[in-house]
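Asks: Those sequence lines, one after another, are chains A and B.
Residues 1 to 637, numbered by full-length UniProt numbering, are exactly what the first sequence covers, in order.
Residues 1 to 637, numbered by full-length UniProt numbering, are exactly what the second sequence covers, in order.
Some hints could be false.
[Unchecked claim] Derived pair list, reagent style BS3-like, types lysine-lysine, alpha-carbon separation capped at 27 angstroms:
1) A:291 - A:21
2) B:21 - A:595
3) B:595 - B:557
4) B:291 - B:16
5) A:239 - A:16
6) A:595 - B:595
7) B:21 - B:239
8) A:39 - A:291
9) B:595 - A:557
To be clear, the hints were calculated from the coordinates, so they are not data collected in a lab.
There are 2 protein chains.
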Amino acid sequence: MVGGFLEHISSPADVKALDSKNLPALCQEIRTTLVRYGKLHGGHIGSNLGMVEATVALHRVFDSPLDKIVFDVSHQSYVHKMLTGRAPAYMDERLFGTVTGFTNPEESEHDMFVLGHTGTSISLACGLAKTRDLMGGLDGTSGTRNVIAVIGDGSLSSAIAFEGLNNAAEQGTNMIIVVNDNEMSIAEDFGGMYGQLARLRASGGTSQPNIFNAFGLDYRYVEDGNDVAALVEAFSQVKDIDHPIVIHIHTAKGLGLDAEDAAAGVKEGRCEANHWQDPLAAQGNPLGARKHYGQLAMARLEPRFASEPGLVVISPATPGSNGITREFRERAGVHYVDTGITEEHAVAFASGIAKAGGTPVLATSATFFQRTFDQLQQELSLNGTPVTLLVFGAGISGADNTHSGAFDIPMFANIPNLTYLTPTSGDAFLAMLDWSTTSHDHGAVAIRVPGEPILAAERAAATHGGAYPRYRGGTAAETHAKGDAGNADTPFARYRVTRQGTDVAILGLGNMYPLAERIAADLAESGDGGVSAIDASVIDPQQCTSLDTACLEALRKRHSMVVTLEDAQLSGGWGEQVTVYYANQDGLQPAGVDKHMRVLNFGAAKEFTDRVPAQDLYKRYGLTAPQVEQAIRSALR
Amino acid sequence: MVGGFLEHISSPADVKALDSKNLPALCQEIRTTLVRYGKLHGGHIGSNLGMVEATVALHRVFDSPLDKIVFDVSHQSYVHKMLTGRAPAYMDERLFGTVTGFTNPEESEHDMFVLGHTGTSISLACGLAKTRDLMGGLDGTSGTRNVIAVIGDGSLSSAIAFEGLNNAAEQGTNMIIVVNDNEMSIAEDFGGMYGQLARLRASGGTSQPNIFNAFGLDYRYVEDGNDVAALVEAFSQVKDIDHPIVIHIHTAKGLGLDAEDAAAGVKEGRCEANHWQDPLAAQGNPLGARKHYGQLAMARLEPRFASEPGLVVISPATPGSNGITREFRERAGVHYVDTGITEEHAVAFASGIAKAGGTPVLATSATFFQRTFDQLQQELSLNGTPVTLLVFGAGISGADNTHSGAFDIPMFANIPNLTYLTPTSGDAFLAMLDWSTTSHDHGAVAIRVPGEPILAAERAAATHGGAYPRYRGGTAAETHAKGDAGNADTPFARYRVTRQGTDVAILGLGNMYPLAERIAADLAESGDGGVSAIDASVIDPQQCTSLDTACLEALRKRHSMVVTLEDAQLSGGWGEQVTVYYANQDGLQPAGVDKHMRVLNFGAAKEFTDRVPAQDLYKRYGLTAPQVEQAIRSALR
């Protein structure tokens with residue numbers, strides 16, 4: 001293996017300056033670098049390994065940033081980053097993590113957008129091209145020449161991508177859409193379209209119907225999408241083209257990883273597992289909350305498949321991340337459907353299943369449910385279909401800015417007729433899942449799958465024999481009485497008072513419930529310097545879509561203050577509803593009547609955060625025991 | 001013309017019982033009934049006229065409700081309603097309006113879903129079919145046999161429809177997708193796909209590439225989609241089919257309307273205008289707020305096209321409703337883009353235009369912006385692109401339950417980095433439009449186009465010479481000082497105090513600002529029975545995405561109470577932010593310090609409402625002058 005090229009590449013000009021015979025060696029060096037980076041650091045390695053040659057060819061042929069390349073999802077942009085001045089971040093482990101996992105205009109003029117959700121590249125590229133065309137076209141004054149969208153690796157079947165294809169053809173001017181066809185999505189490919197793509201591959205791109213032609217687009221095929229010379233040739237032919245064209249390239253996802261993996265004994269699940277993380281790095285580590293609780297849920301549902309023909313688990317393309325293992329999927333058979341990366345379809349599909357009497361359970365990330373806001377409201381909640389949604393990765397985390405889970409409550413909690421449950425333990429999670437999938441006497445139910453704070457509390461209790469989890473079954477009448485608030489009609493509408501105190505009541509929603517317990521325990525102890533003990537109540541609200549006003553009113557007897565804790569955006573969220581309830585009740589009293597409950601809300605700010613560790617965010621938002629305790633002590637003084 | 005069939009049809013069985021030679025006469029009678037209904041009552045007449053024969057044929061061949069028909073958007077379901085027991089609601093003008101404009105399971109077992117947004121029918125049908133397949137297939141126990149999705153009239157190019165096509169093929173079992181190809185969308189068709197559809201029509205369905213085949217679907221073509229016998233034959237052939245198939249029917253939108261219109265002198269704009277309303281009924285009436293303010297905005301932008309090449313108006317398929325007239329569009333040329341019914345693409349497209357230095361203005365309804373929630377957050381706000389969104393039809397209205405504009409504030413106001421402006425007059429609206437389209441020093445700006453309450457106030461002031469509108473230009477430094485709150489960086493971040501009083505401050509957001517003025521005027525008068533005058537302040541917040549905390553703090557000096565008014569869902573909305581601000585500020589004071597601002601919030605409940613007149617909703621939510629005044633007087637007593 002020849003080395004030493006990559007370290008001398010600080011911009012695309014250096015790729016152009018190389019002798020063409022050295023391009024394969026550069027690709028090999030990049031591939032080796034990526035594999036090492038993936039093993040040490042993790043990341044979207046599989047998809048990037050497949051795109052090494054295509055990315056080198058793009059920068060060999062086109063003139064970024066005059067020519068603008070938009071990477072769909074931008075999880076295939078590592079090689080692009082290496083070739084645009086950021087190679088050290090992949091070569092030098094001290095610098096790992098100094099560049100983001102997605103394109104980012106703040107990092108480089110060669111990055112067009114911050115992108116992390118699928119299918120939008122063609123629409124964005126249409127916009128870049130539109131401005132160019134308005135300002136004189138390829139030779140005009142816009143500062144944009146060729147516009148290139150790089151899409152594929154499953155994202156082609158995402159709703160907006162089709163809208164983009166359809167509109168690119170209508171627009172009719174220069175645009176080059178590189179379709180990276182690696183025969184895979186995140187897990188497997190799904191959809192009738194992929195059969196036709198297979199026929200295109202088999203025929204060398206000549207078979208009909210050609211879906212790209214069907215959208216009115218010109219088309220070329222490159223069989224060996226990992227042959228850098230063939231790609232350079234193909235891209236050169238379409239540079240400065242006067243109409244939109246699709247370059248369909250056939251690549252091998254994860255190319256270069258197999259030998260290394262095989263030597264280390266890793267034999268399967270490669271493409272799924274290395275989507276996010278090298279499998280070797282994950283071996284032996286305890287499961288994170290997503291997989292832990294996801295596996296719990298699937299294990300709870302699986303025994304019911306035999307006697308409940310209509311019970312179906314639906315996952316739009318990311319089963320592995322959520323504990324829906326390959327083994328489970330195989331055993332589930334027709335009771336499992338992967339819809340590909342199509343969240344919108346998945347929600348409407350689930351509503352149809354429920355309407356016909358089936359029992360759908362739809363699992364995906366909080367951040368991806370955002371795509372379904374309209375379907376959640378119209379096809380689901382307006383129609384009152386009893387669908388269960390499992391919302392993974394919700395809450396404050398160290399995620400990048402495209403995948404934050406902290407926006408879920410403002411979205412889910414403000415849709416009429418939808419119930420958003422916030423379990424505070426694995427037992428509560430399963431009780432809620434049992435209810436929502438066995439009773440059909442409710443509309444849409446979303447369950448916020450417990451996150452790391454709850455898993456940590458449960459593991460600590462298991463280790464040390466503590467009081468957590470406090471959740472006790474689903475039989476006690478007092479905990480399952482129907483709430484009298486708003487549109488609440490679930491057995492979880494009543495708040496659970498788990499510690500009865502005075503002075504201050506701490507309402508800990510979902511993942512923040514362990515923090516509420518911790519704060520109450522701390523406050524119960526009189527501290528140094530004459531700090532007196534406070535006997536706080538602790539409450540598990542169980543859900544965030546209706547208020548238990550009976551509980552809130554009852555709190556007035558012995559409490560002068562209520563504190564709400566949630567690990568999601570405060571603005572538009574849940575704790576504010578508690579505040580507003582008291583304010584409007586109290587505000588209506590005649591002047592002079594001192595009936596006033598004080599409320600403090602703790603939660604996330606309305607902001608995007610990018611890979612800030614969760615612990616830092618908790619501190620930033622005051623969501624730590626010392627900060628909340630200080631606020632309570634100050635106010636009660 | 002033979003009449004008298006329709007009145008004897010009370011269920012699909014009656015359609016089946018007719019002699020087949022009488023079907024054309026039934027269709028003619030339905031068409032005449034529809035035209036009369038449209039002229040007297042309004043509605044989606046054009047699309048329904050094109051679907052008369054297809055709907056009769058569907059109920060002639062299939063056995064609803066065992067066979068399940070899902071009407072996309074369900075704006076083509078009037079004939080279906082006539083044939084399923086609801087004909088009197090279209091024949092007897094005393095009964096007009098007793099059925100909804102969309103399918104509704106509460107009306108009939110033949111209606112599968114409440115639907116009003118485009119493209120979801122195939123996904124919903126996939127769900128119905130999935131449950132059927134899990135429960136034994138066509139002859140099983142599910143209660144579902146054939147599943148039929150009726151789509152078209154422009155909705156085929158909607159994002160989720162493509163996901164549906166792709167997944168229907170994957171599913172592989174019985175499903176009949178009727179594509180109503182009337183060569184039109186709401187305005188014109190857009191997208192490269194439509195060229196291929198035209199070739200399919202020209203070739204009698206034989207040309208390649210066939211986009212439906214490309215998605216892996218079987219396909220048949222019916223050239224005369226208004227020939228009931230041909231349709232009966234086509235549907236009969238595919239009844240109980242064992243795989244998904246597309247029946248592409250070529251229909252004439254508005255068939256039967258032309259002669260009547262021509263006789264009345266209506267010659268153009270037919271298909272757009274009669275999408276919602278018969279053009280004759282609209283003639284001579286003053287424009288509603290949507291068209292009035294939409295035309296104002298377009299007139300403001302148009303003179304700039306000559307000198308600003310990058311200025312572009314984008315409308316996803318419903319220009320006419322928003323005052324973007326055919327004449328404007330023709331004059332605008334390349335400065336206007338209709339993307340078809342593709343809101344998601346439109347938002348990403350706009351972000352791309354802005355990124356490349358253009359100035360996009362994207363106009364659509366509040367209810368349709370819901371589809372773009374993820375693009376608003378990711379492609380727009382996260383990327384900080386200076387795009388202007390014109391949000392039409394926002395706020396409380398008498399709309400049906402699928403098109404409510406009262407959910408806009410919880411959605412827009414909780415997205416980081418997005419500014420949602422709420423003008424209280426036409427002048428303010430144009431000043432905000434000027435700023436957002438001339439300054440690029442901001443991220444996404446959405447402008448809530450003024451609604452009927454503001455138009456009424458402006459018209460009343462014009463007639464009677466009153467004080468409204470109060471908005472004064474964009475020059476006064478005190479009104480345009482930058483706010484110091486949150487992420488506010490707009491010249492409209494500061495609240496405008498338009499009436500300086502004491503005791504109570506009334507904050508009237510957007511459309512509710514005239515109500516705030518009215519209440520203050522009423523309170524200023526001492527009433528009967530010794531009711532004393534109250535000198536209220538009136539405030540125009542101008543926007544709802546950040547708080548002017550300096551203003552809120554200043555109010556403490558002379559006010560003990562703040563009232564917020566908004567014509568949108570309270571839960572997750574704007575007024576609650578004001579409440580929460582005061583509560584958290586006050587809650588942090590040590591016990592015993594009496595620093596407590598009372599707040600009352602008025603706005604819409606978290607609920608779906610269906611064609612309830614706006615005035616009734618205002619009363620329901622306490623948003624009338626007497627109700628607010630009583631609350632204020634009670635509290636201050």
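Asks: Hints first: check each against the structure and report whether it holds.
Replies: Against the structure, the hints:
1. With a CA separation close to 46 angstroms, the supplied pair residue 291 of chain A and residue 21 of chain A exceeds the 27 angstroms bound.
2. Note on residue 21 of chain B and residue 595 of chain A: the hinted pairing is violated, with a Cα-Cα distance of about 77 angstroms set against a maximum of 27 angstroms.
3. For the hint pairing residue 595 of chain B with residue 557 of chain B, the CA-to-CA distance comes to about 11 angstroms; that is within 27 angstroms, so the pair holds.
4. For a cut-off of 27 angstroms, the pair hint linking residue 291 of chain B to residue 16 of chain B is broken: about 45 angstroms separates their Cα positions.
5. For the hint linking residue 239 of chain A to residue 16 of chain A, the alpha-carbon distance of about 15 angstroms falls within 27 angstroms, and the restraint holds.
6. Among the hinted pairs, residue 595 of chain A with residue 595 of chain B is consistent with the structure: their alpha-carbon atoms are about 13 angstroms apart, no more than 27 angstroms.
7. This hinted pair checks out: residue 21 of chain B and residue 239 of chain B have alpha carbons roughly 21 angstroms apart, not beyond 27 angstroms.
8. With a CA separation close to 21 angstroms, the supplied pair residue 39 of chain A and residue 291 of chain A stays within the 27 angstroms bound.
9. With a CA separation close to 22 angstroms, the supplied pair residue 595 of chain B and residue 557 of chain A stays within the 27 angstroms bound.
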